[in-house]
Each structure stands twice: as structure tokens, then as C-alpha cells.
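K.L.:
Protein chains in written order, with our numbering: chain A, 1 to 99; chain B, 1001 to 1099; chain C, 2001 to 2282; chain D, 3001 to 3282.
Incorrect hints may appear among the rest.
Distance condition first, Cα-Cα at most 25 Å in a straight line; then the derived DSS-like pairs of lysine-lysine [what the hints assert, rightly or not]:
(1) 1020(B) with 20(A)
(2) 1020(B) with 3088(D)
(3) 1041(B) with 2088(C)
(4) 3088(D) with 32(A)
(5) 41(A) with 3232(D)
(6) 20(A) with 2003(C)
(7) 32(A) with 1020(B)
(8) 2088(C) with 1032(B)
(9) 1041(B) with 20(A)
Worth flagging that the hints you see were computed from the coordinates, not collected in a lab.
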Amino acid sequence: MSRHLLEKALWQLSVERSAKQRFRDDPDGFLKRFNLSDEEKRWVREFDVGALQAAGVNPMLTMGFWQELSPDRSMRRYKERLGASGEALNSFSAALKKG
Amino acid sequence: MSRHLLEKALWQLSVERSAKQRFRDDPDGFLKRFNLSDEEKRWVREFDVGALQAAGVNPMLTMGFWQELSPDRSMRRYKERLGASGEALNSFSAALKKG
Amino acid sequence: MGKIVGGFWMPHDPVMLVAPDAPAQAVRDTVWGAYERCAQRLAALDPTTVIIIGCDHYILFGPHCLPSYVIGTGDLDGPIEGLPGLTKGVIDNNTALAGRIVSHGAANGFDWAVARAFTVDHSYSIPHQYVVRPAEQVLGRSLPTIPVYLACGVDPYIPLPRAAQLGAQIRAAVESSDDDERVVIIGSGGISHWVGTVEMGQVSEAFDQEIMALGVAGDLAALTAYRDDDIKARAGNGAMEIRNFACAMGAVPDARGEQIAYAAVPEWVTGLGFLQLHPGAR
Amino acid sequence: MGKIVGGFWMPHDPVMLVAPDAPAQAVRDTVWGAYERCAQRLAALDPTTVIIIGCDHYILFGPHCLPSYVIGTGDLDGPIEGLPGLTKGVIDNNTALAGRIVSHGAANGFDWAVARAFTVDHSYSIPHQYVVRPAEQVLGRSLPTIPVYLACGVDPYIPLPRAAQLGAQIRAAVESSDDDERVVIIGSGGISHWVGTVEMGQVSEAFDQEIMALGVAGDLAALTAYRDDDIKARAGNGAMEIRNFACAMGAVPDARGEQIAYAAVPEWVTGLGFLQLHPGAR
Ligand SMILES: [Fe+3]
Ligand SMILES: [Fe+3]
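Isolated chain A (complex conformation) (with noise of 0.2 Å):
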């Protein structure tokens, strides 16, 4: 398992337009140039973000992945994939960016 590279995959897709556009056409053809395990490969193509974060990545990356590429892209439910829940999922609304 490496965070490491998991992070690569989630920085290109945070910076270059161009690997934003291969992986909504095809998050499996985008992925297969990185070393992963299928099971990486799947937190990604599924927005396990909280699986991710398990794995040590940056949550700066899961959450600008979220909000940029989810079909979902509510910080209700990323704090919900995250494992939130109750009132912790109400404690702010605003559409957050990074910061």
C-alpha cells in the first residue's frame, strides 16, 4: 500500500486539466499508469475518501478531489463518507474550498 502514490494520482487530478478530463472519461485507464493495488484503485474510482485518509492521504487532497471530480459533491456527505455523523454533520455549510 502507498500513500505516496496514491497521492500522485490525487495531485495530477488536482492540477492538470488534462488528467482531470481522462479520468471522468475513464477512471480505470486513467489509474492503470499508476503502481496500485486494485484495492487503491477502487477507493479512487469510488470516492472512498475515508478509506484514503485511512491509508495516510492528505485530506487537503481527498477533499479538493471531492469537490472537484464527485458526482456528489456535498461536504455533508464527504463528511459523511468520512464517518460523520449526527449533529457533526452540520457544523458548517458553507461550500468549502481549501483553506
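Let chain A serve as the given structure and place chains B, C and D with the ligands on it in line with the hints.
P.N.:
Just chains B, C and D with the ligands, lined up with the frame of chain A:
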């Protein structure tokens, strides 16, 4: 005049596939994004590697740029554009990449 | 001889721009008013150059090259992000002074990574556009502004004590200059905030007040004694940005702080502190 | 305790791969034979880990972040270039030792930029594929190989004396390790060569022989006393890579050199030197 911005443009052209394609398709359009003077843009558009080096641009960049994107990729012609003549033009013949 | 004539701590919270109306009006007034007061105070210091200590949020630098500290020595533009209120464009740098900081560093054990053509991010542009630009208006002249970025957002982080030493090196470099530069240094950073983690939205007012008190006391030793794990546990990954505060304080000779404003703003996911660093007697 | 058990200087000339038949057969035999002998000698040192000191040629790092020195601490692959003879792929690193070099550096005034996921270039891959890989064959085991890159190709260059100090820091970090690491360090670089300038194709045998003699003598003080302008004028911008030689020599305790081969090869635009660094008595 800024060798830094010239290097920024040439570096992008040496590492980003999409930049290369944009430059091939529309050099002026590519160069518009850089805060370069008209003269500097002309040096790039016309592959004036002599003027670029005189402006302080790193020769590794001018060589890579010439070999990848110039219409005439010959290194003999490259040295000619740098001011070489006579015997100096023939002092090596190999199809050089960076070294 | 050049001089560091003062410094500031201030936040660079982009949520403030994205969701300007989220907190109560009084909170908004406090925060925006603090930027205005910093601008007035910056102008009053009559500076010739500003240095902003910012933080990359894993955009400017990738996992193939994570520098401990970088300085922009050449052309500047930005910010890289499209954020409401921030204008993109070319930015005026003091390349001579930035180059001097690098060469002074090389001679004194500080190996700067160098950005010769650099696009800044919001950690530079928020202080620049809300404090430096208005001060330029007041003074009627340009204030070239050097960007410095410390590794606060992506590991390996610059050690806190090293951030303070780097500030001292910046001061020594400024003081070694023949030019009569009057330099103000801005440490740009939130206090407590959790960025992209499940705790996001929490604010740790106790931690923030502790940091502000250390700033007021000018207690650089205590400010640089925090362990990274404790900072993250008590105040979030965003609070690693107190490195930028330590660097600014390390640059201002015998700094004492004056609190300008503080607000805990969960709606903007951050504890926002504003403080001026006054040079002491030397 | 870890130990630096030896070192090498060797070139990384890509023209050798692009135009293999350009020089006379005897020259080709000398150069390829030298790589083979280095591989045999590397295996004979019975190392556990190799460190290759390479040089970016303005591909890996851009003008937005030019590090003075970088180390790969995580995943490796490459090389980035498509060159005949070089196989692209995943490369085995010693992440524990690389991480130790970084943390030891942070505690001792060496602020490493860090590459956690890194694609190497030919300055790593030529020594790796023509020396380390064959040594792995001889030994029947893997030799994880840490990449270090010094700023030799793009200014601001790392000062020559600092490159040597960095080598000494690498040695100290290795020696601070509890593991019984046996480390060999390779300084990868041409001697005289002009890259992309009008003089390209010249070779300065006098300069090259001077450098080789300093290597044989183990005269690190003289090797690090060259001025950058003189190096460029006498031996070309490519000769700035003697920084990598200084770093390797600085890492090998009381190094003395043994020349393995030298060839001035205008057809390959470079003076090519091969030298082994033997540790002295300590
Ligand atoms: Fe921040
Ligand atoms: Fe080279």
C-alpha cells in the same frame, strides 16, 4: 525582459504533452498566457535559440525545445542558429538528446 | 542597511470569500475590520518591501518535490485559484532582496529552494490583496512583495524551531543589505482549523488564545515548543500553519505582539487571529 | 551501525545510447568495459544499499520550484526519458534509510527537499541499469537504490563546498543507523561537456585529467575550490556535475580514488571518467 518567464514557457513545452500540442496548433495562442514581450514571443515562435540563450535561457531548454518542436530538428542547423560556422558545425554528428 | 520594521500575523481563509455571509454581521465586521486596520498599520510603518510567509495546500508543489522552504526570486503572478474577490495578475516582486536572502542563506546554512517564475496561491494573495494593496493606496506607491512558502500543509513539515531560525536568517539577510530597505514580514495562517478531515468545522478557541498570548508575549521559545502531533490533535492539520507565525516572529527583532483581533468562526471553519509584531529595543 | 563502504564516479551520457556506434570500437570497449568493471567492483563491496547522486536537466523540476538538493524517500519509477537500452519500470528504494537521511539532516542543518513519489531520469538510470542491476545479478539479491539530485544543471546551483558537506551529512546519517547497512554511493556525472551551447561537441581533456587526478588524490578541498564561471568556461555547463563527484567523495570516509577508465569522446560530446572511491583508515 525575463529569462524566467521564457524558461517557464520552454519548460512547459518540454514536459507537458498538452502544452506541446497547443503550441503546435497555435503558437500565438499558447504564448499569450505568458507575460512576455512581443520580441520574446517572436524568439520562441521562430526558434531563435541564439536570442533565447543571449537572454539567459538555460541551453538545456533551448536544445530540448529545438529537438522536439522545431521544423528542422538538425543539430547542425541548431548550432548554426547559435552562431557556429565552418568546422565547428561538424564537430559532432549524433542525434543528440540532453546529456 | 536594511531593517525589519515590523510584522503581522493574519489568516488566509478562503471560506471567508466563498461564503461571505455565513457568520453573523458582527463577526464579519470584526474580521474585515481587522484586515483594514492591518492595512493602515502596514502603511504607517512606511515600508519599502513586504515579505509574505505562506503555505502550500498541496497544489503548488507535488509529491515529486516537496521543499521545506521556498522563496520567489523572479517573476510572480497569481493567485492560482479562482476565488471571489481575488484578482489574478502579475505581482511586483523585490528580486534583488529575494536574491540576497538566498545567497545569504547559502553562506549561512539555509539552502533555499528557489522559485524563479512563480504563481502564488491564496495564502499569499489574501494578505496581499486585503492588506498590501490598500497600504499601497494609502502610500501612493508600489510595495513589492516577496513570497516565501514553508512546508506547513504537506509532510515532511518544516520543524517549528527551524521556521523561527529561518525568520532570523531572513532578518540577517535584510540587515546585510546596503539598501535602506524597510521590510515588513507577514506570517499568513489560520490558527485552529481542520482541513478536509472529519472534524472540519470545529474551532479550538483555547488553543487559539494560547497562541495569541504567546504572540503578545513575544515568547518564541514556547511558540516553537509545540509537538506536531499535539498541534494536530488540539487544533487540526490547518494549525500547522503556526510555523508561519514563528517565522515572522523570528524575523522581527525582539518582537512583542499586539493583538488586533481574534474571532472563532466555525462558519468559516477557522479561528482567525490578527496580531502586529513590534520590534523591541536592540 | 551503518557504513559507507565505497563509492564511484561515473558518467550518465545519453548520447552513448542514442548513437552507440559513433566512436571507434576501442573507445566503445573502454567505456562499456568500465561500466562492467564498476558493476563487478560494486558487487565485490557486498553492499546492502546504493545511493546515486544525479542531476536534473530541467525536466524533473521546473522554474516554480528549483531545489538545491532532493532525496527520493518513497516510491520510485523511471526513467522519464525514452532512451534505447533503458527499461522503464518500478525501482526498489530503501525508504527507511532515505527517511533517516532526511530526519538526520533536519536535526543537523540540512533541509532536504523530499520526493515521496518520484520518477528518476537518465542520470540515475544509466548507473542503475549498467552497474547496479548487473551487481544484483552477481549477488543474487536486490540492491535498493536511493536517488539524490543536486542542482547542477539549473541555477541557482548548489555551491560545490555544500555538495561535499551534504555528502558528509549522508555519511553521518548512515553511520547513525542501527541497521548494519553497507552503503555504496555513486556520483553520476560527465566531466567536460557543453550541453545545448554553441561549443557542444568539444571535450576538455586537460580539465578532465585535472579532476581525475584530484579524485585519485582524494583532494576534496581542491575539488570544491573551483569557481562556477571557471568550470563553465573551461569545461562547459555540463561539467557543473562535478558537484556530484564532490558529494560522493564527501560521503566516503577519507576517500582515496582509483581510476578505472577515462576517455575523451567528442562523438559522445563528453569526457567520460570512471573512478572508485576507497574509504581510508579511520
Ligand atoms: Fe492555509
Ligand atoms: Fe548530465
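K.L.:
Each hint should be assessed against the structure and marked as holding or not.
P.N.:
Verification of the hints:
1. 1020(B) with 20(A): Since the Cα atoms of residue 1020(B) and residue 20(A) sit roughly 18 Å apart, the hinted pair holds (cutoff 25 Å).
2. 1020(B) with 3088(D): Holds: residue 1020(B) and residue 3088(D) sit about 23 Å apart, inside 25 Å.
3. 1041(B) with 2088(C): holds, 22 Å
4. 3088(D) with 32(A): holds, 15 Å
5. 41(A) with 3232(D): violated, 48 Å
6. 20(A) with 2003(C): With a Cα-Cα distance of about 46 Å, the restraint between residue 20(A) and residue 2003(C) is violated, given a limit of 25 Å.
7. 32(A) with 1020(B): Distance ~23 Å between residue 32(A) and residue 1020(B) Cα, so the pair holds.
8. 2088(C) with 1032(B): Status holds; Cα separation ~15 Å.
9. 1041(B) with 20(A): Between residue 1041(B) and residue 20(A) the Cα gap is close to 29 Å, so the pair fails against 25 Å, i.e. violated.
When the structure is compared with the earlier hints, violations turn up for hints 5, 6 and 9 and for no others.
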